[in-house]
Amino acid sequence: GNSVTQMEGPVTLSEEAFLTINCTYTATGYPSLFWYVQYPGEGLQLLLKATKADDKGSNKGFEATYRKETTSFHLEKGSVQVSDSAVYFCALSDSAGNQFYFGTGTSLTVIP
Amino acid sequence: EAGVAQSPRYKIIEKRQSVAFWCNPISGHATLYWYQQILGQGPKLLIQFQNNGVVDDSQLPKDRFSAERLKGVDSTLKIQPAKLEDSAVYLCASSLVLWGLAKTDTQYFGPGTRLTVL
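Line by line, the protein sequences are chains A and B.
In terms of the working numbering, the first sequence opens at residue 28 and continues consecutively.
In terms of the working numbering, the second sequence opens at residue 1238 and continues consecutively.
Just so you know, the hints here were simulated from the structure itself, not pulled from any lab data.
Only a predicted model underlies this, so the values are computations on that prediction, with no experimental measurement involved.
Ideal Cβ positions, reconstructed from N, Cα and C, are used throughout, including at glycine.
A hint or two may mislead.
Claimed, not checked - Facing chain B, a subset of chain A residues (Cβ under 7 Å, in silico):
no.: 1; residue: Tyr66
no.: 2; residue: Gly70
no.: 3; residue: Leu71
no.: 4; residue: Asn125
Build out the structure end to end from the sequences listed, making use of the hints.
Rendered as structure tokens:
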């Protein structure tokens, strides 16, 4: 079946450090892939998405590339800020768009 | 543009009691989702509506959970009777496009209802 596996947290980085949060998936067909973010006290919101292989999603300095050969969608940012402290969820929707699967989330804390 | 509204924000009940959650999606959004998020886990999709029809409810424990979306707008999720393992945050989300196109569309989430079953 379909599933998403995220690297476990929590992750603590100093400001301006490089961030990578690993995400791998299992799916049949051609899923779409997403990163959602949940800031403290707020609801989940879409950070970026990619709908086909080799697509790169990007937003707010974050990037992730849909790699079908490695079934991965790792999230990266070159220089994190304190305001990036949040929980990040990797997710996929199946080919039909009927089912959505979220990873367990990775908590990121950025310290000044 | 107003976001997805949910109420109540918090609910504490005894096991075997009943509880209902309400969701008002973004105006004009055709698709509505209910998720269950247990502490330390990612959201798990329970049911998906397109307008007022159910698209998928394969993950909904139908012996105790029910949901409806009257007139294709607001939705309620009910648990009757509640069990200890139902303690979780219940998230409602909506998206603009119709079923079949929803795989690429952005879901907008409400703040959630935190349920504690004692």
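So, going through the hints one by one against the coordinates:
For the restraint placing Tyr66 of chain A at the interface with chain B, the shortest Cβ-Cβ distance is roughly 12 Å, beyond the 7 Å limit, so the hint is violated. This hint holds: Gly70 of chain A has a C-beta 4 Å from the nearest C-beta of chain B, less than the 7 Å allowed. Proximity of Leu71 of chain A to chain B holds as hinted, the smallest CB-CB distance being about 4 Å (cut-off 7 Å). Given the 7 Å rule on beta carbons, the hint for Asn125 of chain A holds: about 5 Å separates it from the nearest Cβ of chain B.
Violated hint for the displayed structure: number 1, the only one.
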